[in-house]
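Q: Sequence:
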Amino acid sequence: MALTPEQEWTLVACGMIAHADDVLEVGEWDEIVRLVNARLDDSESEHWLAVLTDRAKLETHFAELPPPAPIFAEQLLHQAWRMALADGHGSDIEAAVHDRIAEKVGIDGDRAQEMRENWNTRAAERAELVVAFAAALANLDGRMDPAEAVQFDALLERQPVSVSRRLQLAELLYSPPPIDELGARVQGLDPADKEAVLYDIAPFVNASHRGDREREVYFELADKAAISREMAEQMLQA
Numbered sequence: 001m002a003l004t005p006e007q008e009w010t011l012v013a014c015g016m017i018a019h020a021d022d023v024l025e026v027g028e029w030d031e032i033v034r035l036v037n038a039r040l041d042d043s044e045s046e047h048w049l050a051v052l053t054d055r056a057k058l059e060t061h062f063a064e065l066p067p068p069a070p071i072f073a074e075q076l077l078h079q080a081w082r083m084a085l086a087d088g089h090g091s092d093i094e095a096a097v098h099d100r101i102a103e104k105v106g107i108d109g110d111r112a113q114e115m116r117e118n119w120n121t122r123a124a125e126r127a128e129l130v131v132a133f134a135a136a137l138a139n140l141d142g143r144m145d146p147a148e149a150v151q152f153d154a155l156l157e158r159q160p161v162s163v164s165r166r167l168q169l170a171e172l173l174y175s176p177p178p179i180d181e182l183g184a185r186v187q188g189l190d191p192a193d194k195e196a197v198l199y200d201i202a203p204f205v206n207a208s209h210r211g212d213r214e215r216e217v218y219f220e221l222a223d224k225a226a227i228s229r230e231m232a233e234q235m236l237q238a
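Each residue of the sequence shown is one higher than the one before, counting from 1 in my numbering.
There may be inaccurate statements among the hints.
[Claimed, not checked] Each pair of labels, with its calculated beta carbon distance range:
| id | residue 1 | residue 2 | range |
| --- | --- | --- | --- |
| 1 | Ala184 | Ala69 | 16 to 26 Å |
| 2 | Glu64 | Ala147 | 24 to 34 Å |
| 3 | Asn206 | Glu44 | 36 to 46 Å |
| 4 | Lys224 | Asn118 | 18 to 28 Å |
| 5 | Arg229 | Ala184 | 16 to 26 Å |
| 6 | Arg100 | Ala147 | 11 to 21 Å |
| 7 | Ala184 | Glu44 | 31 to 41 Å |
| 8 | Pro178 | Thr60 | 25 to 35 Å |
| 9 | Glu233 | Gly109 | 19 to 29 Å |
In short, the hints are calculated from the structure, not lab data. Ideal Cβ placement from N, Cα and C applies to all residues, glycine included.
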């Protein structure tokens with residue numbers, strides 16, 4: 001299926017952020033694959049993955065793209081900065097690339113920096129909820145699989161929070177908040193953040209080998225977040 005101009009811009013902008021420091025981190029690669037799989041059928045995925053993994057091709061594509069509709073500019077920049085945070089933090093180099101993208105879509109550098117600061121705050125708040133929910137899932141039946149402990153550590157390492165706060169959040173694995181409380185907090189997020197929480201938690205749900213209870217809770221959370229069962233299934237398979 002053909003990409004819309006907005007979808008094409010999203011893939012290109014996110015790819016450029018992922019390549020900003022010359023290294024595709026695990027979290028960044030996972031985010032690229034998720035974006036491609038969410039927007040393309042199999043016949044197009046191979047082509048776009050080839051473009052997104054080749055920085056020279058990506059730069060050429062970026063140079064040739066006409067600016068998107070102005071109404072889409074802020075949403076595009078938000079998605080691109082989420083890519084910067086996929087490995088736990090947004091670097092100065094990634095901010096500089098983000099500024100290049102902002103300039104091309106008609107947003108000046110000061111405004112782009114202001115938006116990044118706001119998104120960093122929101123991302124840190126969402127990260128705390130993701131970690132808390134993962135801890136609650138790990139303790140759902142009073143036992144913890146080794147795979148869950150490893151997945152929890154990996155998830156925690158990727159969150160955009162300070163090292164000191166990360167150490168504090170690690171304690172949630174031994175004293176998680178109630179599931180119902182976390183579900184209510186998810187309901188208070190905006191749609192983009194609700195979706196991001198579900199994506200971040202999905203690998204943790206898949207790490208469990210004890211049955212379907214974790215999946216049931218995951219789908220209950222998706223329902224509270226107004227995310228369809230079909231989309232939630234896709235998130236688990238991404």
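Q: Please flag the earlier hints that this structure goes against, numbers listed from lowest up.
A: Numbers 1, 2, 3, 6, 8 and 9, in rising order.
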